[in-house]
Amino acid sequence: MIKETEVDGVPTLIAPVNGPMSAGLVFRVGYADEVLARAGITHLIEHLALFDTGQADYHYNGRTGAAFTEFHLRGREHDVVSFLTGVCTSLGALPMHRLEIERQVLLTEESGQSLTPAHVLAPWRYGARGYGLPGYLEYGVPVITPDEIQHWLRTWFTKENAVLWIAGDGVPAGLRLPLPSSGRRWAPPAVTSALPVTPAYFRGPLNGAAFDAVVPIGAASQVYAEVLQRELFRELRQASGLSYTTATGYTTHAHGTAQVTAVADALPEKQSAVLGGLIDALLTLSVGRVEQADVDAAKTKGREALTDPDAEAAMLSAQANALLVGRPIRTVEERLAELDAVTVEQVAEVAAGAMTTGLLLVPPGSTADWAGFTAAPTTSYTVVPGHTFAVVDDDQDRFHIGPTGVSRVIGDQAATVLYAECSAMLIWPDGGRLLIGHDGMRVAVEPTMIAGDPTVLYQVGTGLPPHLVVRMPAREESEIPRPEPVAPTPAPPEKQGLFRRKKS
Amino acid sequence: MSGDKPLPAQFEPTTWYPELRLFPAATRAGDWPAIAAGFQQLGGWQAATVAIDLIADVHGADQFFRQVVARDPSPMAATILGRCLIHAGWRIRTAARASQVSRQQFDALHAHLRDAERALMDVTARDPRALLAWESRLTTARGLELGVAEGRRRYDRLARVAPHHFWAQSFFLQHACPKWGGSWEEAFGFARQCAAAAPPGGMHGALVATVHLERWASLTGDESTQHVLDARPEVWAAAQRSVLHPAFRREPGWVFAVNAFAFFFHVTGDNPAARPFFHLLGDFGHTRWWESFGDPVEEFQAGKAQTFGGVRA
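Just so you know, the protein sequences line up as chains A and B, in that order. For the first sequence, UniProt numbering assigns the number 1 to the initial residue and increments by one for each residue that follows. For the second sequence, UniProt numbering assigns the number 1 to the initial residue and increments by one for each residue that follows.
So here's chain A without its partners, still in its complex pose (with noise of 0.2 Å):
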């Protein structure tokens, strides 16, 4: 049973474990909250504030969410004590002389890590903005400064936008949990489309196919997942091995709605076939083929999770979010009446609502408009008015360039980034420009590549708001695009790749 409690005025819930005592500060910010100028804003703060928190011994760590940002310590009472108090005095008091170090070690962490089918899939349903951006960079980190830390501080980090969970027997004695006053609470953050039509699909960097759809919140969302999996692996691992890893996943969103995420790894020569399996697992279960064990199994595997006997404990960082956000609270004893009732019937609406949502990432070469998804869009419908400027040695590609926003126009296919829609220009010294608007698209404006004066290119975006801004340092000379020397037969330049919108 969760006790709802408060912490010097913040929302705590407590329930019981079995071993060590484990606590969480959850606060209702996360990468959904930025915009992509400054994206990484509310990571660097989680770093810079565990700092001075370094005890090695214990399991801590800080976790930066789309829309949740969360300081966790499994230990001891009284380190759980220090750890919380201590946290919340460096979010008082941040050590402002780590910043440049932890903007390095942000830097490090983000060229470590390998893009999950989730970060792929995200820009291409939301955007560059919004639940958008974890799947970006963090092109803020370079550049935040002490000011915009100190604002994003005062803005989110507050007691009013908090919550504190605890596994355990109860608040531990002098815990205090010092945090500013704001007085309000965010909302969730908006939930933002680049999708015009839905189902959709676009070509990603994937070994294999990757699939995700927007569905209800609650248990028959949850079996479809598990349902969808045990499709998967049979028809992809099972029976043809044409998959090492089938897996799904089931998550909330902030904002009311749940997310299921499907994907399916494959050889390069099998992609194909694993997209085909893909697609037929998808409507195999929309058409309403569910089978009744499967929907057995998955409940089973839900009703071990809920019938642990610390069950209640390993919910209370979710049932955090939900408190944030404005969703009930709900016992255990709710999940698994909610969960015993799911029948076939609820898993097949599911599924057939999940295929209207759905975006799926096919393998390079691969299309599904044949299955009745629409390629997601990768050029603009519209350019912007203005002056027109050629780009060196090609007739068929122009710059256009208007008050209201810049245009690359090769052919008949254009990227058209608005200023009033835009999400962040990168600007380098060399002048070069890239500017990335919040459907995604990508505009780069380099004098190198302009037939006349170079000069103009300067007058773009001067009027865009600073932060949206992001000054790059010096790229290496190999990284300035140049014209292509004149060859005999110069080979076809892949222009198509310029309007794409991926990770980079």
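Among these hints, one or two may not hold up.
[Unchecked claim] Computed beta-carbon distance windows for the label pairs:
(1) A:Arg63 - B:His164: 54 to 62 Å
(2) B:Ala37 - A:Pro216: 29 to 37 Å
(3) A:Arg475 - B:Asp107: 54 to 62 Å
(4) A:Thr356 - B:Pro200: 34 to 42 Å
(5) B:Phe106 - A:Val456: 37 to 45 Å
(6) B:Arg232 - A:Ala352: 50 to 58 Å
(7) A:Glu291 - B:Arg97: 53 to 61 Å
(8) B:Gln104 - A:Thr379: 19 to 27 Å
Please keep in mind that the hints were generated in silico from the structure rather than gathered at the bench. Idealized CB from N, CA, C, for every residue including glycine.
Model the placement of chain B on the given structure of chain A, informed by the hints.
For chain B alone, coordinates are given in the frame of chain A:
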């Protein structure tokens, strides 16, 4: 996927398999109940495969089955519609070389194949044992260029239900060839594996003749001749286990299978070896392969005459 020119009766599937005549007739008459009842009467999926092709070869059958599906949706009607759309698409594309086919023709083909695929994938999702729909999905996978691995996955799904499905094997063999993105290694491996695994007396040996003919067609001059000469012992052994085996029965599809052997040995110039196959064919003829030399009907007749020493059989 016959052309527009009417063929002599002995080249028509309705002559070889008179019991299937009702299908194109009822399609032309727009009589869906008669077609549905006809499928109930059929003795097995071999016949159903030929029957559904006979329906799909009727011009306008796709329009008719769109109406049937809208009025009275059923897996059977959706399956037939899928096949009709495939044939209609290929009629627009024509059998010409890709370089002779316009962008518009290709677009129309692909639009038809996508519509077919959507109808068919829904059928297989609801019933994974839906053989006829899986069979057609082998063709859509090839035409939509979804990849040889995807074609193979579909064949494997079908083979779980019917492990020795000669038509499905013939369809996938096309996809496994280099002209559709496969490789000779894959094509030969598949044909030999299917023929070896099939029960004696089945039509499956014709897959071995077919894959050698595909290779022959891909080569030119002496190389192509040498290829079939080298392949003679293997194809002959395949025939012994197949259409020349005492257990061989004339099931729907047999004319296609026997014709592949007849043409193969005709190409090798080995008249005595070709004779048993023309004997088996009797009065019947097939256009497949003979179009390589010119008018297929004339070439078939000439080939047959040559086999029997210049005397028309």
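Hint-by-hint comparison with the structure:
1. Distance hint check: the CB atoms of arginine 63 (chain A) and histidine 164 (chain B) are about 56 Å apart, consistent with the given range 54 to 62 Å.
2. Between alanine 37 (chain B) and proline 216 (chain A) the Cβ separation comes to about 45 Å, which falls outside the hinted range of 29 to 37 Å.
3. The supplied range of 54 to 62 Å is broken by arginine 475 (chain A) and aspartate 107 (chain B), whose beta-carbon atoms lie about 43 Å from each other.
4. Restraint check, threonine 356 (chain A) to proline 200 (chain B): a C-beta distance of roughly 51 Å breaks the suggested window 34 to 42 Å.
5. For phenylalanine 106 (chain B) and valine 456 (chain A), the hinted distance range of 37 to 45 Å is satisfied, since their beta carbons lie about 43 Å from each other.
6. The supplied range of 50 to 58 Å is met by arginine 232 (chain B) and alanine 352 (chain A), whose beta-carbon atoms lie about 56 Å from each other.
7. The beta-carbon spacing between glutamate 291 (chain A) and arginine 97 (chain B), approximately 47 Å, falls outside the hinted interval of 53 to 61 Å.
8. Taken as a hint, the range 19 to 27 Å holds for the pair glutamine 104 (chain B) and threonine 379 (chain A), whose Cβ atoms sit roughly 23 Å apart.
This entry does not satisfy hints 2, 3, 4, 7, going by the numbered hints stated previously.
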